[in-house]
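In order, the protein sequences belong to chains A and B. Note that full-length UniProt numbering has the first sequence beginning at 1, numbered continuously upward. Note that full-length UniProt numbering has the second sequence beginning at 1, numbered continuously upward.
Simulated from the structure, these hints should not be mistaken for lab results. Don't be surprised by glycine CBs; every beta carbon is placed ideally from N, CA and C. Mixed in with the good hints there might be a few duds.
What the hints assert, rightly or not - What follows is a set of in silico ranges between Cβ atoms, one per label pair, in the way DEER data are often shown:
{"no.": "1", "chain 1": "B", "residue 1": "141", "chain 2": "A", "residue 2": "112", "range": "55 to 65 angstroms"}
{"no.": "2", "chain 1": "B", "residue 1": "89", "chain 2": "A", "residue 2": "16", "range": "32 to 42 angstroms"}
{"no.": "3", "chain 1": "B", "residue 1": "30", "chain 2": "A", "residue 2": "135", "range": "43 to 53 angstroms"}
Unchecked claim - Listed next, the in silico DSS-like pairs over lysine-lysine satisfying Cα-Cα at most 30 angstroms (straight line):
{"no.": "4", "chain 1": "B", "residue 1": "113", "chain 2": "A", "residue 2": "50"}
{"no.": "5", "chain 1": "A", "residue 1": "113", "chain 2": "A", "residue 2": "50"}
{"no.": "6", "chain 1": "B", "residue 1": "50", "chain 2": "A", "residue 2": "191"}
{"no.": "7", "chain 1": "A", "residue 1": "85", "chain 2": "A", "residue 2": "191"}
{"no.": "8", "chain 1": "B", "residue 1": "191", "chain 2": "B", "residue 2": "50"}
{"no.": "9", "chain 1": "A", "residue 1": "191", "chain 2": "B", "residue 2": "191"}
{"no.": "10", "chain 1": "B", "residue 1": "226", "chain 2": "A", "residue 2": "191"}
{"no.": "11", "chain 1": "B", "residue 1": "113", "chain 2": "B", "residue 2": "226"}
{"no.": "12", "chain 1": "B", "residue 1": "191", "chain 2": "B", "residue 2": "85"}
{"no.": "13", "chain 1": "B", "residue 1": "226", "chain 2": "A", "residue 2": "226"}
{"no.": "14", "chain 1": "A", "residue 1": "113", "chain 2": "B", "residue 2": "191"}
Letter by letter, the chains look like this.
There are 2 protein chains.
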Amino acid sequence: MESGACVAATPRALPYYVAFSQLLGLTVVAVTGAWLGLYRGGIAWESALKFNVHPLCMVIGLIFLQGDALLVYRVFRNEPKRTTKVLHGLLHVFAFIIALVGLVAVFDYHRTKGYADLYSLHSWCGILVFILYVAQWLVGFSFFLFPGASFSLRSRYRPQHVFFGAFIFLFSVGTALLGLKEALLFQLGTKYSTFVPEGVLANMLGLLLACFGLVVLYILTQAEWKRPPQAEEQALSMDFKTLTEADSPSSQ
Amino acid sequence: MESGACVAATPRALPYYVAFSQLLGLTVVAVTGAWLGLYRGGIAWESALKFNVHPLCMVIGLIFLQGDALLVYRVFRNEPKRTTKVLHGLLHVFAFIIALVGLVAVFDYHRTKGYADLYSLHSWCGILVFILYVAQWLVGFSFFLFPGASFSLRSRYRPQHVFFGAFIFLFSVGTALLGLKEALLFQLGTKYSTFVPEGVLANMLGLLLACFGLVVLYILTQAEWKRPPQAEEQALSMDFKTLTEADSPSSQ
Chain A
1 MESGACVAAT
11 PRALPYYVAF
21 SQLLGLTVVA
31 VTGAWLGLYR
41 GGIAWESALK
51 FNVHPLCMVI
61 GLIFLQGDAL
71 LVYRVFRNEP
81 KRTTKVLHGL
91 LHVFAFIIAL
101 VGLVAVFDYH
111 RTKGYADLYS
121 LHSWCGILVF
131 ILYVAQWLVG
141 FSFFLFPGAS
151 FSLRSRYRPQ
161 HVFFGAFIFL
171 FSVGTALLGL
181 KEALLFQLGT
191 KYSTFVPEGV
201 LANMLGLLLA
211 CFGLVVLYIL
221 TQAEWKRPPQ
231 AEEQALSMDF
241 KTLTEADSPS
251 SQ
Chain B
1 MESGACVAAT
11 PRALPYYVAF
21 SQLLGLTVVA
31 VTGAWLGLYR
41 GGIAWESALK
51 FNVHPLCMVI
61 GLIFLQGDAL
71 LVYRVFRNEP
81 KRTTKVLHGL
91 LHVFAFIIAL
101 VGLVAVFDYH
111 RTKGYADLYS
121 LHSWCGILVF
131 ILYVAQWLVG
141 FSFFLFPGAS
151 FSLRSRYRPQ
161 HVFFGAFIFL
171 FSVGTALLGL
181 KEALLFQLGT
191 KYSTFVPEGV
201 LANMLGLLLA
211 CFGLVVLYIL
221 TQAEWKRPPQ
231 AEEQALSMDF
241 KTLTEADSPS
251 SQ
């Protein structure tokens with residue numbers, strides 16, 4: 001079989017939307033860095049600046065990398081399905097590790113300062129996002145990468161995986177907005193209402209975060225931008241389908 | 001034609017999910033009322049309690065009613081399409097009017113207290129949601145209820161309308177979470193970290209809001225729960241299709 005034979009054309013507008021999402025994602029990371037650098041004294045592990053590791057890691061891991069992991073199937077349209085799956089899973093692992101560093105940073109910071117843990121809505125949402133993220137990864141791995149699950153089981157679980165993946169991503173964006181708001185109100189207090197530069201910059205960061213969520217969700221939900229099944233997968237899925245149907249007592 | 005002939009069966013699980021969404025939505029409204037009643041002195045138009053009109057109206061209008069307006073096409077599956085459309089549009093009008101009262105309440109409150117307007121991330125997101133909501137309603141009305149738009153134009157715009165409708169709803173939920181967080185930090189300050197009852201109740205309200213968003217989004221995105229096209233619509237759409245294709249210079 002010629003490998004060139006199953007190369008499907010990329011939808012015309014898709015690359016522009018993907019490029020725009022990456023520009024937005026990198027801008028979000030850069031503005032987070034700028035905010036922490038300009039108004040919060042920068043980043044360090046061994047001082048009170050440890051707190052600042054938290055927002056930066058969360059934005060890189062649970063916003064930018066998580067968003068990009070969701071886009072993998074839209075971007076890599078002609079690579080073998082297994083390669084794309086592994087890349088999707090690996091990007092989520094990187095996102096998880098970076099987010100874990102961000103989580104350790106904030107708990108460490110609270111402990112050294114003697115602050116209470118997990119009292120705020122941001123922290124409740126954050127812990128929930130983290131648990132859901134790990135659960136989704138484990139279930140996804142056991143269905144799609146571990147060789148045990150049957151084709152029909154995968155087909156039935158796939159839409160749920162996609163739906164909850166998108167929801168966890170959006171919930172991460174919402175949690176980031178709550179955290180940003182918390183950081184602003186703790187630090188600025190009533191100065192926030194005088195349109196100080198930090199407040200305006202952070203508000204713009206919040207809108208950029210929401211825009212990144214919007215663009216990633218838009219790319220994901222366009223039906224005609226979904227990854228086309230490849231010749232090899234179609235053949236494979238037919239084999240699996242025949243096998244599964246032959247297994248089932250209700251067939252024929 | 002027998003009207004009974006085009007009644008499609010309702011998917012088995014759908015009514016349970018819809019019932020659960022309504023239970024959640026009403027719980028969200030009740031908990032918002034309980035929070036304002038127990039910890040914020042209740043609601044009144046002619047006093048400092050005017051502020052409390054804002055969260056209650058926003059939760060009833062832009063969360064509960066907006067969510068229900070999105071579900072109309074899943075719930076009313078066998079009524080004529082036009083009736084369902086009018087109900088969808090009307091629910092959005094009610095949601096808009098209630099939200100407008102909530103918006104006036106907070107601007108009035110700010111004016112009497114001499115507070116600045118529109119400085120916070122919550123207010124930026126809120127104004128954006130409000131503008132997007134009105135724009136989406138006007139564009140939706142001119143495409144789907146105003147008789148001018150052709151069938152092919154409607155078909156092309158429909159997925160965009162659904163996507164942006166869902167996004168505006170989720171953005172409303174996110175904005176409500178930001179507002180809740182703001183109200184807690186302004187009022188409770190450092191007491192928030194001592195797990196005072198108001199903080200715990202409001203955090204639970206935040207999670208309930210996110211759950212309502214999740215359940216509405218889940219019902220909306222299940223492909224097999226979409227409203228089936230009815231015999232009359234299919235006949236009509238065929239007519240329109242023939243007309244549109246006959247109009248087009250490229251046909252035949």
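Outcome of the hint check:
no., hint, verdict
1, B:141 with A:112: 55 to 65 angstroms, "holds, 57 angstroms"
2, B:89 with A:16: 32 to 42 angstroms, "holds, 33 angstroms"
3, B:30 with A:135: 43 to 53 angstroms, "violated, 30 angstroms"
4, B:113 with A:50, "violated, 38 angstroms"
5, A:113 with A:50, "holds, 11 angstroms"
6, B:50 with A:191, "holds, 24 angstroms"
7, A:85 with A:191, "violated, 48 angstroms"
8, B:191 with B:50, "holds, 24 angstroms"
9, A:191 with B:191, "holds, 20 angstroms"
10, B:226 with A:191, "violated, 49 angstroms"
11, B:113 with B:226, "violated, 48 angstroms"
12, B:191 with B:85, "violated, 48 angstroms"
13, B:226 with A:226, "holds, 19 angstroms"
14, A:113 with B:191, "holds, 16 angstroms"
Comparing the model with each earlier hint shows violations of hints 3, 4, 7, 10, 11 and 12; every other hint is respected.
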